[in-house]
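Each chain, letter by letter, is given below.
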Amino acid sequence: MFRLSIQLRQALAKLTLPLLIGLACGVMLLGQIDRRLAEQARIAVADAVAPFYALLSGPIDDLRGLGREADSLVAVARENRRLRAENMRLRRWYDVAVALADENASLKANLNWMPDPAPSFITARAVADASGIYGRAVLLSVAPGRHIAKGMVALDAGGLVGRVTEVGHRSARVMLITDMDSRVPVTLEASHANAIIAGTNAASPRLTDYPEDVHPEEGERVVTSSVADAFPAGLPVGTVHYLSPNLPVVEPYANLDHVSIVRVFDYGMADVTPPAALGHVPSPAASTPAGSRSGDMSLPAGLRLQGAVPTSIGRG
Amino acid sequence: MRIQAPPERHPGIRPRPTVGRRLDAAARRSLPVGFSLGLVLLLCAPLGLPEQQALLPGATMGSVFFWSVFRPASMPAPMVFALGLLYDLLSFSPPGIVILTLLIVHTIGLGWRHGLARQGFLLVWLVFVLVAGAAILVDWALICGFSFRLLPVQPILLELALATGLYPLLSALFTWAHRGIADPSRA
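Sequences listed follow chains A and B, in order. Counting in our numbering, the first sequence runs from -14 upward without gaps. Counting in our numbering, the second sequence runs from -19 upward without gaps.
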């Protein structure tokens, strides 16, 4: 210990505070001037205290885990109560459902009700993009001997792809719903209004011919309609989207840019055959059995009165 | 609440300063600084407390202010500096700012100690709140200046509120320590 005079010691004591404040300002400036130095000091201190914090974090985590456990116990009790109530309610509904199912079965037995036949389908790989400047189509490779016919409906995992327009021995051409010649009768799912989606060769076909008092809503689901007997009702097509205020289009669910595998369904609805490819001259032999009833084609969609009027009217 | 140096229990009689007793006295003398350093280390630890970072200024300023007013020998300016430096390095704010604010609090406490030590607790509390508010404002202004933008005011209000609420607790604890375990004359 140095022996200092009292005066000197007092002077030093008075000096300490201003000196330290000056030093603090110095540290502040140094920290601004040399950020690397500050970082290094920080990291050094953090390295020094990290083991203690690690030691501390064990018991803290234990405590917090204990708290969570207690919370979850309370939550479990509450959940249990809720589930019991729900179970009781569902049991009642189960009874109702069983009763309704019984009633349904007996009613069906009394009516001799025939269930819809499950549509047969074949799965085919799209081998080529058969679209040109004026059309959007894909070519399917079909194993020989598989029954595939004009007018069958092609779907992929997402939704409607198109219809079979030409059939060869090993291949079939599917006109996509985006093709300029494609017209698909659809139903807007929210308003139950009928409409037509018309391909424009663009990515999204236009939604047209909906009733005047119906305003298709953005995002509304669009499914096929069985109005013209070309499609079965209820196949998913896409959602409504407005390109501009008066231009609704349908964004297809199907991935029409890259059609890879499609299922071709036979719904037994080849009454309205789709138009052939441009420049294609249908030979009489290649035409479908519906060729004898080609008068059906001349009727506007939705006006065919199936079985209700003599077919001679339709052939007019 | 008046805090005065307790009268010596046996005036004129001094126990022999053995090594153990001297160590005891030194420990009692350094308890305030040790406690403050521990508080800073603890509040920078990942405890997961809500608003843990906002608690820190109130805790450090409270302990620096209390000991500067009631026993400045146990909270010397170099130790305040060290405390601020540790705080600065542990919390990732621009370095030096906390040192400056803590030194300001220390200086004010030291300068007004003769007036304050004789006052009741409420007045000391009020003065502390004013001092802490000023110090937090200086802190905020300096950080704003260094980062060249206006920072939001809510955090400093929260810090001040926490400092205000924390001071009575700290004060009760420190008063008890001041008369008990931190009293070197009891060694």
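Quick caveat, the hints were computed from the structure, so don't treat them as lab data. A couple of the hints might just be wrong.
Chain A is faced by these chain B residues, among others (derived, beta-carbon under 10 Å) [said to hold, decoys possible]:
1. Cys24
2. Pro26
3. Pro58
4. Val60
5. Pro74
6. Val78
7. Ile79
8. Leu83
9. His86
10. Leu122
11. Asp163
Even glycine gets a Cβ: it sits at the ideal position worked out from N, Cα and C.
So, as I understand it, the hint says Pro58/B touches chain A; can you test that by seeing if any CB pair is closer than 10 Å? holds, 7 Å
Minimum beta-carbon distance criterion (10 Å), Cys24/B to chain A: holds, 8 Å
Regarding the hint that Val60/B lies at the interface with chain A, is the smallest CB-CB distance below 10 Å? The hint holds - Val60/B has a Cβ within 10 Å of chain A, the shortest such distance being about 8 Å.
Closest C-beta approach of His86/B to chain A relative to 10 Å, hint status: holds, 8 Å
Classify the hint on Leu122/B as holds or violated, based on whether any CB of chain A lies nearer than 10 Å to its CB. Where the cut-off is 10 Å and the nearest Cβ of chain A is about 7 Å from Leu122/B, the hint holds.
Was the hint right that Pro26/B lines chain A, CB cutoff 10 Å? holds, 6 Å
Interface hint for Asp163/B, Cβ within 10 Å of any Cβ on chain A: Asp163/B check fails; min Cβ-Cβ to chain A is 23 Å, beyond 10 Å.
Could you check if Leu83/B really has its C-beta closer than 10 Å to a C-beta on chain A? holds, 5 Å
Agreement of hint Pro74/B with chain A interface, Cβ distance less than 10 Å: holds, 6 Å
Restraint satisfaction for Val78/B [CB to CB of chain A, less than 10 Å]: Given a least distance of 9 Å, the restraint on Val78/B holds.
Interface hint status, Ile79/B versus chain A (Cβ within 10 Å): With Cβ-Cβ at 4 Å, under 10 Å, it holds.
In the structure shown, a violation is registered for the earlier hint numbered 11 alone.
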